[in-house]
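Residue numbers (the working numbering), protein chains in the order written: chain A, 1 to 400; chain B, 1 to 257.
Where hints are given, some of them may not hold.
What the hints assert, rightly or not - Under 8 Å between C-beta atoms, here's a sample of chain B residues computed to sit facing chain A: (1) R137; (2) T163; (3) Y170; (4) R178.
What the hints assert, rightly or not - Here are some chain B residues the structure puts well away from chain A; computed CB gaps all over 10 Å: (5) E44; (6) E111; (7) F135; (8) P138; (9) T174; (10) Y186; (11) R193; (12) D226; (13) A227; (14) E234.
Unchecked claim - Negatives, chain B to chain A, calculated, CB over 12 Å: (15) L13; (16) L157; (17) P213; (18) R257.
The hints are simulated quantities; they were obtained by calculation from the structure and are not laboratory data. Fair warning: this is a prediction, and the values are worked out from it, not measured in the lab. Even for Gly, the Cβ is constructed at its ideal location relative to N, Cα and C.
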Amino acid sequence: MVQFFYFHLMPWPHLPADFDQREPSAWVTLSNRHYDPALGHHLYNEYLDEMEYAEALGFDGLAVNEHHQNAYGTMPSPNLMAAALVRRTQRAKIAILGNALPLHEHPLRVAEEVAMLDVLSGGRVISGFVRGIGCEYFSLGVNPTYSRERFYEAHDLIVRAWSEPGPFCFEGKHYRFRYVNVWPRPLQQPHPPIWLPSQGSTETIRWGAEHRYPFVSVFNSYTNTKRWIEEYHEAAARCGYTAPPEQIGFAAPMYVAESDARAEAEAEPHFLWLFRRGLKIPPNYLLPPGYISEESLRKFLAAGVRLPGELSYRELIEHGYVLVGSPATVAARLAAVQQELGVGIFLYSGRTGDMPKELAWKSMEFFAREVIPRLRAHGAGIRGNASPGGAGSVSPAKRM
Amino acid sequence: MPCRSETIQIGDLDVHLLRGGRGEPLLVLHPEFAAGRWFPFHDELARHFQVYAPDHPGFGSTPRPDWLEGMDDLAMFYADFIDTLGLAPVRVVGLSFGGWIAAELAAWFPERVSRLVLVGAAGLKVEGVERFDLFARPLEETLQQLFFAPDRWVQLLPTEPGTDTLLRMYREATTLARLSWNPYLYDPKLERRLRRVRCPVLVVWGAEDRFLPPPHGEAYLRALSDAELVLVPESGHLVPLERPEVFTARVVPFLSR
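With the hints as constraints, model all of the structure from the sequences given.
Printed below as a string of structure tokens:
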């Protein structure tokens, strides 16, 4: 069954007027004097209202994420936002996409908080795990050369903490706990589904396929998304199974309006805000030493990839970084993604950059009322045969 | 003065080094830039000593071993290097990151070092003195920050640009980050440990160093029991590259004593 999530970054749209000329980055060094807590109070609540409204409109889930010290997304603790949503929603899955494991000195805290959310929500939590982007290794002082090691080790610890009766001793290279004994335990057994939002590194794709964790391609061109999802399908095949649609996710900024022309015109400044301001990141912040392998860097250099910030609005649309148009147009694009890539999880990123509330709400109403139903009808024939993310009692194999 | 390129095995590692000159051995430890490069100041030193200029593990043509996780690992590596080549006790000159290694080496293994020259050595933090963040800045900006004269930095640009050079630089930056991302370019324990250094130390600092300003040299002077500080006017961080004649005029007599 195809699923639709309302994905929020909770951006800080109130950049200084001279941002484009004076500020080299929206991350790490953009002074927090540009954050106005009184405006922030209003925005946080408006954003949460929006997510609650998304549930009312029929989205299957709501997705939050972790980013630090920037204007692109003001959710340093996604678990706090998940908690705020859990008590105000009844049905929707709450997807944390995700906790940035290597940035945490205490992964048991992640295990505890996600377990709390799972119990509190009655088992509605999806637990994404990510590494955090390069900037965050500057902002939190974590050594980027250990990023991947810490990610794997924290993951192993958390999964064991959720699924193995405590107390037990965990002595890894980066994390050591004499007494692992997490209270509460998660409600979903053996643990909440684990998802992998990713920028497509080869290591993550292979590892995710081995664990049967749903792979979510986030904010990329259609070409890259296609390449990575195919890589994931191939990795799954090498592991001896076919990845079902429930295991493939696609996240993109989307905007739906009455007509293609109107949608494109209305969304333009806000999509450009995302790629030219929110994602304005100097290369050194984006790629600290050791954050990716030499092998991945060699591939990146060989591909000669252009950063989305360098693309025109027309190119962003044509390359598939953003989906914009009438309900029929957007539904057709997503149906193609569904068909060609076997995607079963769509993450609609709606409140892009400095988009005003009225436009964001209009678009999500169009999406919920006129796009989702078309795709549900379309996807009815596509059925999965596995339980992704190791979730639920139907998947005892994921118990580690 | 010609130098030879050699590879020798130290423990489990194939170490690349440049060697030149005749006489008593002198170990020259390169900064975080320019591994495997032989500069005019090397020639000048090689007129008086047999100069050993190895690429640190994880720099230049020496691979980065998995065991390299801290400055103590590097100090022990260089103790093995000195023992394998039978150099002890040896004169050591270290520049910037190489100066930090030299200081750690002399603190951990004081009996292996006979005379020590620290040039703009990293390794110490001085309260209230800002340090330039080389991880956060583009390479060209970092190189410009190293010199007083505006035209000198280009000598540190890679000699053969291309993908392999970029990958080597990424590997070197990864080694440096592994050892000094946080704490940034210093070891909180080094200052106290420097009391163990037994040999005479010459601390050489560019008076116009904007990368690790001169108070860092003064901190070395305070922490060492037998040290002298030479402030070189009109020089930035890398005195041997910016004022080679002043550098050798001060350093050769000190090393020859």
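Here's how the hints hold up against the structure:
1. R137: At 6 Å from the nearest chain A Cβ, R137 of chain B passes the 8 Å test, so the hint holds.
2. T163: At about 5 Å, which falls below the 8 Å cut-off, the nearest Cβ of chain A leaves the hint on T163 of chain B intact, so it holds.
3. Y170: 6 Å, holds
4. R178: Cβ of R178 of chain B sits 4 Å from chain A, so the hint holds.
5. E44: 33 Å, holds
6. E111: With a cut-off of 10 Å, E111 of chain B remains clear of chain A, as the shortest Cβ separation is near 33 Å.
7. F135: 6 Å, violated
8. P138: 6 Å, violated
9. T174: 4 Å, violated
10. Y186: 14 Å, holds
11. R193: 22 Å, holds
12. D226: With a cut-off of 10 Å, D226 of chain B remains clear of chain A, as the shortest Cβ separation is near 35 Å.
13. A227: Holds, because the least Cβ-Cβ distance between A227 of chain B and chain A comes to about 32 Å, which exceeds 10 Å.
14. E234: 30 Å, holds
15. L13: 18 Å, holds
16. L157: It holds; L157 of chain B is separated from chain A by about 17 Å at its closest Cβ, greater than 12 Å.
17. P213: 21 Å, holds
18. R257: 40 Å, holds
The structure fails to meet hints 7, 8, 9 from the earlier list, while all remaining hints are met.
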